[in-house]
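Chains as they are written, first to last, in the working numbering: chain A, 180 to 329; chain B, 180 to 329.
Simulated from the structure, these hints should not be mistaken for lab results. Wrong hints could be hidden among the right ones.
Unchecked claim - Using C-beta positions, here's what the derived DEER-type ranges look like:
(1) B:Asn-280 <-> A:Ala-213: 20 to 26 Å
(2) A:Gln-220 <-> B:Glu-299: 43 to 49 Å
(3) A:Ser-313 <-> B:Ala-213: 40 to 46 Å
(4) A:Arg-293 <-> B:Ala-213: 32 to 38 Å
(5) A:Val-240 <-> B:Gly-287: 35 to 41 Å
Virtual Cβ for every residue (Gly too), placed ideally from N, Cα, C.
There are 2 protein chains.
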Amino acid sequence: MQRTDFGGMACSIARTLDVIGEPWSPLILRDVWAGFTRFEQIQADLGISRKVLTERLNHLVERGVLERRPYDRRPRYEYVLTEKGIQLLDVLMAMANWGDNWLAGEAGPPVLYRHHACGEISKVDLRCTHCGESMHAGDVELLQGPGAAV
Amino acid sequence: MQRTDFGGMACSIARTLDVIGEPWSPLILRDVWAGFTRFEQIQADLGISRKVLTERLNHLVERGVLERRPYDRRPRYEYVLTEKGIQLLDVLMAMANWGDNWLAGEAGPPVLYRHHACGEISKVDLRCTHCGESMHAGDVELLQGPGAAV
DNA sequence: AGTGTGAGTTCCTTGAAGGAACCCCAATTG
DNA sequence: CAATTGGGGTTCCTTCAAGGAACTCACACT
Numbered sequence: 180m181q182r183t184d185f186g187g188m189a190c191s192i193a194r195t196l197d198v199i200g201e202p203w204s205p206l207i208l209r210d211v212w213a214g215f216t217r218f219e220q221i222q223a224d225l226g227i228s229r230k231v232l233t234e235r236l237n238h239l240v241e242r243g244v245l246e247r248r249p250y251d252r253r254p255r256y257e258y259v260l261t262e263k264g265i266q267l268l269d270v271l272m273a274m275a276n277w278g279d280n281w282l283a284g285e286a287g288p289p290v291l292y293r294h295h296a297c298g299e300i301s302k303v304d305l306r307c308t309h310c311g312e313s314m315h316a317g318d319v320e321l322l323q324g325p326g327a328a329v
Numbered sequence: 180m181q182r183t184d185f186g187g188m189a190c191s192i193a194r195t196l197d198v199i200g201e202p203w204s205p206l207i208l209r210d211v212w213a214g215f216t217r218f219e220q221i222q223a224d225l226g227i228s229r230k231v232l233t234e235r236l237n238h239l240v241e242r243g244v245l246e247r248r249p250y251d252r253r254p255r256y257e258y259v260l261t262e263k264g265i266q267l268l269d270v271l272m273a274m275a276n277w278g279d280n281w282l283a284g285e286a287g288p289p290v291l292y293r294h295h296a297c298g299e300i301s302k303v304d305l306r307c308t309h310c311g312e313s314m315h316a317g318d319v320e321l322l323q324g325p326g327a328a329v
């Protein structure tokens, strides 16, 4: 329900949750990524209430993650990812990766990812942009940044 | 509120949301990561309702992401990350990274990350585990996996 | 004029989040 | 040994969000 406002916290995780932390939001982005870009398509694919879908789409557009644009002379609209939204898909890929590793069970992962660059079916790993080595939660020290609360 | 059950969907993102998709859950994991491992500490740090914190902690323990263990002869408990939970922090790092890039504003990021391996303050990037090159949402083709719905 | 369709709105019901007060247990203190 | 303290929760009530079905609107096609 999240009545508490996460957007005002001095924490990038909380602020990100303010954008995609509500129920359904990540799945809506997944759908747009997968090519379900219209209201009816997303509603049918997810089985989400139309009221909630309207709210979520408006919120994602307000936050600059999606863009609403007409595709017909009739009042018809589709939702497309902005650059900000495309980069947000990294979070979804990390989620998908973890779900594949820990929740897929006997049946195996529901979706596979073929990397265009090498042509292989592969997974993602977090790497340091500086040295290129693996960089996970245990490999870093947290320091106060310039935008830290006083 | 999420009365819809995401856990049963043939989608690793939805299944991951079934574990950490409820309000507060990612922030609770962040706190445990940052060293706030006891009920009172987390409650005070987040300002979350005690009732909801109890529910969330129980849920995370049930899903094997946290472990509840005594640290005193009195009935005192702390919550620690399991291996499954540690790997889930990748998702939080991706969120923090995106928030730093798009939501930090003038003040700059609230937290910086120093990579132990190279000693530099750095960011994370998604790379292909196979070839090591950058691998984002636009760099992959989605294929049906063995666990796909029929 | 009548029909169809995409894209929403309205309205009612159910149930989750907020929040304050209360409870339990074991160790310490007087 | 009674009283106190403090961590770790429950209980209960209020408020507001999610589910879901029905309804509306704007434009194009027949």
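Is it true that Arg-293 (chain A) and Ala-213 (chain B) lie within 32 to 38 Å of each other by Cβ?
37 Å, holds
Could you say whether the range 20 to 26 Å given as a hint is met by the Cβ separation of Asn-280 (chain B) and Ala-213 (chain A)?
24 Å, holds
May I ask you to test the hint 40 to 46 Å on the CB atoms belonging to Ser-313 (chain A) and Ala-213 (chain B)?
With a Cβ separation near 21 Å, Ser-313 (chain A) and Ala-213 (chain B) fall outside 40 to 46 Å, so the hint is violated.
Is the distance from the Cβ of Gln-220 (chain A) to the Cβ of Glu-299 (chain B) consistent with 43 to 49 Å?
44 Å, holds
Return holds or violated for the Cβ distance of Val-240 (chain A) and Gly-287 (chain B) against the range 35 to 41 Å.
27 Å, violated
When each numbered hint is compared with the structure, violations occur for hints 3, 5.
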